[in-house]
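Visitor: Next come the chains, spelled out residue by residue.
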Amino acid sequence: MATTARKKSARRRQLEAVALYPLDWLEERSGLVGGIKYFLFRKVPRDTGWFHTLGSATLTAFLVQAITGVILAFYYKPDPDSAYESIQAITNDLTLGWLVRGMHRWGASVFIILMFLHMARVFLFGAYKYPRELNWIIGVLLLALGMAEGFTGYLLPWDQTAYWATVVGININGTAPFLGPFIAQFLQGGTAIGQNTLSTFYSLHMLALPGAIMGLIGLHLYLVIRLGVTSPPWSPEAAGRDRPPAQPSTNGREGLIRPGSRGGANGS
Amino acid sequence: MSSHDTEKPHLPPPSLWPIGFAIGIACILAGLVVSWIVAAVGAVIAFVFGFLWIRDITAGVRQPAADVDPEVRRPLRDTGAPPAAQGEAAMPVMSDAEIEAYPRSTFLSLATLGLGGVIGGIITVPVLGFAVLPSFTNQRKPNVDLGPLENFPEGQFIIATYLEDPKVGEVSRRTMFVRNNGLLEDKPSFTMLFSRCVHLGCPVQPNGIIDSEKMKRVGEHNVELTPVLVSNFGCPCHGGQYNTEGNRTAGPPVRALDRAEFSVRDGNLYLGEFYSVGKVEGAGARARIQKYGHAVPGVHVDGIEAWLYPIEVPG
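Protein sequences appear in the order of chains F and R. The number in this note's numbering is simply the position in the first sequence, starting from 1, with 4 added. The number in this note's numbering is simply the position in the second sequence, starting from 1, with 70 added.
No lab work stands behind these hints: they were computed from the structure. Any given hint could turn out to be false.
[Said to hold, decoys possible] Quick list of the computed label-pair ranges, beta carbon to beta carbon:
1) F/Leu-147 <-> R/Thr-194: 22 to 30 Å
2) F/Pro-135 <-> R/Tyr-172: 30 to 38 Å
3) F/Leu-103 <-> R/Val-334: 33 to 41 Å
4) R/Val-238 <-> F/Leu-103: 27 to 35 Å
5) F/Gly-154 <-> R/Trp-377: 27 to 35 Å
6) F/Leu-147 <-> R/Phe-206: 26 to 34 Å
[Claimed, not checked] Derived list of chain F stretches under chain R, where covered just means 3 residues or more per stretch with a C-beta under 8 Å from a C-beta of chain R:
7) 162-173
8) 181-187
9) 190-200
[Stated by the list, open to error] Chain F side only, calculated, beta carbon under 8 Å to chain R, not exhaustive:
10) Pro-84
11) Asp-97
12) Ile-176
13) Gly-178
Every residue, glycine too, gets a C-beta built ideally from N, C-alpha and C.
The shape of chain R in the complex, shown without the other chains (with noise of 0.2 Å):
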């Protein structure tokens, strides 16, 4: 910085500010015809970087030079003179504060990287997204229609099976133990329980005596309904046990069996969003259940474990 400077021509220091200008510059053009909000945008991006590349060129103008101490560096050509150096005495001898601190070679190597990794994340982020989000949007079923009520008599299981999506086919048949509870305050009642079993998902099974010649089909979610008399309910993977309100009795599992909410709609029972339980204490229509959002199984929602999921996944 001492008496180099007066030698050779003056090089304004390599600055990444142009390109910031240039982008502002494209946005306010762009923003011409797209919209002027990208405009503005780009007007704001085109001053901020264009005060600071105006500062940068002029700073060396608006005041002297500090008094820098010479940078002090490993030197590059006086070490003992390798044999192999004797070739370059052609060359064009560099002192090393000639060399500059952040040279061309860098600035291209990083540049390429940087403008690679953009590019690679461009490609990327859209596509993974494609991978995972379908599996957490639109996951809200239509409210599946169980048909006349007439065909739940007070008191009794029924065991209602139906075609989630019936595009898809038997795939996504689901089954819901439904019990009309009667009226309470002469509004209807009635306990809902989805068989999967809140331990590891596998199908839990009424235990009793299923009346399987009084099967009926109705709707067109190809729903059929099947009465029993049930004792509790048992699950054949791992051997969990649940009474009739769904309350775990015996077993691995870790809350109540899960419930849907329903509506009656024209003298029709529809089944409506599933929830979790964690208990449910009395019974049939005057039953307080504790209620959650739908959790996996296994998943705990009351309690100290509950605390290990803290995050409800959507859909």
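Okay, chain F solo, but in the shape it has when bound (with noise of 0.2 Å):
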């Protein structure tokens, strides 16, 4: 094995230069490659563990999100007389069409229920403090702008289900306080639900609301490389401390909160 790669060098390298070489062409000319390497390598924590990839979960379901309901534009008609029947032919008719609208459909609730999860566990673990509390705010913002797409998103199939669970939705927001009426008439574009609901709930669905979700992600994504990723709560390397690895515990209370021999081994 060794013999025949040291024989083949001279070739091999050759062969490395010519799949490298459009690679250093982009990277001479972009820093795109080592940029990729410095968001991919980055260094984690040591006993990073599964709950630490739910972010990465959401991501990828609103990915599915994206790339599902660009597909489904496809063929949806946002007007009141063709909407539902558009949604029938999505269904029944046009081929796999019943695999990405379930797609979209149930992926929304997985990217709701993820989003959820991974706020609970940021919540557990105490990542929301300092430093990253600017990230647990832009969370929060990211889990309003989920849930206003799960809003929007409902009222499109515009069936009954649809219609009248989003006339009660709007009337929630209508009761707000003050500018509460105001908000409730924008949003239905005017007097009563109608097709200017349709085709505003359908702009802000995929439109309005993707865009600022996708910006929000960039900003959440680039402060967790900046901050770096939190150790969990048992860890020997606690957050943003330098604490010795794993030292036998002479506090009777530290035990209770932060088991040192379960810590240690998990660490090693």
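Grab the two chains, each in its own frame, and use the hints to assemble them into the complex.
Guide: This is how it looks when you write it as structure tokens:
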């Protein structure tokens, strides 16, 4: 094995140079390769686990929503007379339409659930604390925008459930003090739900809200990369502090919060 | 301000007045073509800014310079001579006083930001207006003709559904519960309840026997009139209940059912403006109705909670 590798090394180097040339070309002119390496191969604490993948899972769910949404928009007609029929056509007539619509429909719930799980992980691990408060706030905005996506998307099938759920949802907005009635009328695009509501919701659902979500996801990731990933609370490498790893606990109280022996076992 | 003034050529301090003056002149020129009002406004602008500009320029001439202490400033160049500063030896040496308090670069960057803001505003404001205003303007609908009066026997509730805007189609179908209360002092009286639940806007249903075989279609708004024997009205969504005057009897609604004005023209019944109702006392033609502007469902129109909604939504 080793001898053959050494024998072919000149040829191999040549091949590698050919393969890497485009990457080098790109790197020299944009720095993108280095940037992507920096993004993907950054250091994370030793005892991160599956819980830390919830954020990436949420991102994946969002990307699935974005891609299936774009494809659904090929065939969906945001018009009161044809919206319901176009959804029926997507589901029943178009090849694999049922699959893409199903992915979008169930993926929406998956996205929301994953956001909540990710939020719970961050909360329970204390990962929202200094210096990551701002990222928590951005996450809350993302949650709100995600819920708004759910609310606006729910109307689009334009069946009875969609219609009356949106009537109730808009009127709940309308009961907010002071500006509530104005928000309700703006969302309806008039004094009652009608064709303006459908096109308003469609526009918000596929342009305004996803754009805002993408921008905020960019900020969210930027802060994750800048500030790094937090260790779990049981980690010997506690977040933001240089502690000696797995010292024998002399303080009885410490064992309750941070079982030293378990943390050490996890860490190594 | 002491000895340096005589050594360097006199430069007027940076000033914004010439810009205003120039805008004024431009307005005058534009006004000559467009209208004299614009020219007059331009003249006022040019005069005010010209006056301020002249006052600025002549400040040194009109009065002797006040005896001001020289401005104390963080020394820029004399701090311990970092090695990198040696390269600047060839540059002309400026004393601190010569470095202007408001340098050109600051002015330019502020001007760029300001102009960018103005341009952004000019673009954004109408776009935002277009995003928001159509929901609040031209919302008044034409009065719908519900057909001849003989379709509304006295004391009988009729479910009247109609297309608010026939061009839009079925999505604009609305439902009224109409009852002819007979004549009151030789004037016709109708109770016209709007079916939208005042809890959260679901369609209120009549609890009673609907005589759908006697359904009639009239008018260009696709009006459908169906007689019904009503004991009360109920909402399927969250269980709000109303009596035949529209007063809440149970459930979460916060006021009585909305109503509409009516008019009778050429023997036909017409819908009028919608309004919201706090409470109805009495019944039928002699009912005393607490009338308010048409409000969104779920919004209190009377009592202390009404203070939460001080501004009536236009349209």
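Visitor: Taking the least C-beta to C-beta distance, is F/Pro-84 closer than 8 Å to chain R?
Guide: Check passed: Cβ of F/Pro-84 comes within 4 Å of chain R, closer than 8 Å.
Visitor: At a Cβ distance under 8 Å, does chain R reach at least three residues of the region 162-173 of chain F?
Guide: holds (count 3)
Visitor: How does the Cβ-Cβ distance of F/Leu-147 and R/Phe-206 compare with 26 to 34 Å: does it lie in that range?
Guide: holds, 30 Å
Visitor: Hold the hint about F/Asp-97 up to the distance rule: shortest CB distance to chain R must be less than 8 Å.
Guide: violated, 23 Å
Visitor: Could you check if F/Ile-176 really has its C-beta closer than 8 Å to a C-beta on chain R?
Guide: Result: holds, 6 Å to nearest chain R Cβ.
Visitor: Using the Cβ atoms, figure out if F/Gly-154 sits within 27 to 35 Å of R/Trp-377.
Guide: holds, 32 Å
Visitor: Do three or more residues of the region 181-187 of chain F come closer than 8 Å to chain R, measuring C-beta to C-beta?
Guide: Per the Cβ count (5), the hint holds.
Visitor: Is it true that R/Val-238 and F/Leu-103 lie within 27 to 35 Å of each other by Cβ?
Guide: At roughly 34 Å between Cβ atoms, F/Leu-103 and R/Val-238 fall inside 27 to 35 Å, so the hint holds.
Visitor: Starting from the range 22 to 30 Å, see whether the pair F/Leu-147 and R/Thr-194 falls in it by beta-carbon distance.
Guide: holds, 27 Å
Visitor: Count residues of the region 190-200 of chain F with a Cβ under 8 Å from any Cβ of chain R, then say if the count reaches three.
Guide: holds (count 10)
Visitor: How does the Cβ-Cβ distance of F/Leu-103 and R/Val-334 compare with 33 to 41 Å: does it lie in that range?
Guide: violated, 58 Å
Visitor: Is it true that F/Pro-135 and R/Tyr-172 lie within 30 to 38 Å of each other by Cβ?
Guide: For R/Tyr-172 against F/Pro-135, whose Cβ atoms are near 37 Å apart, the range 30 to 38 Å holds.
The structure fails to meet hints 3, 11 from the earlier list, while all remaining hints are met.
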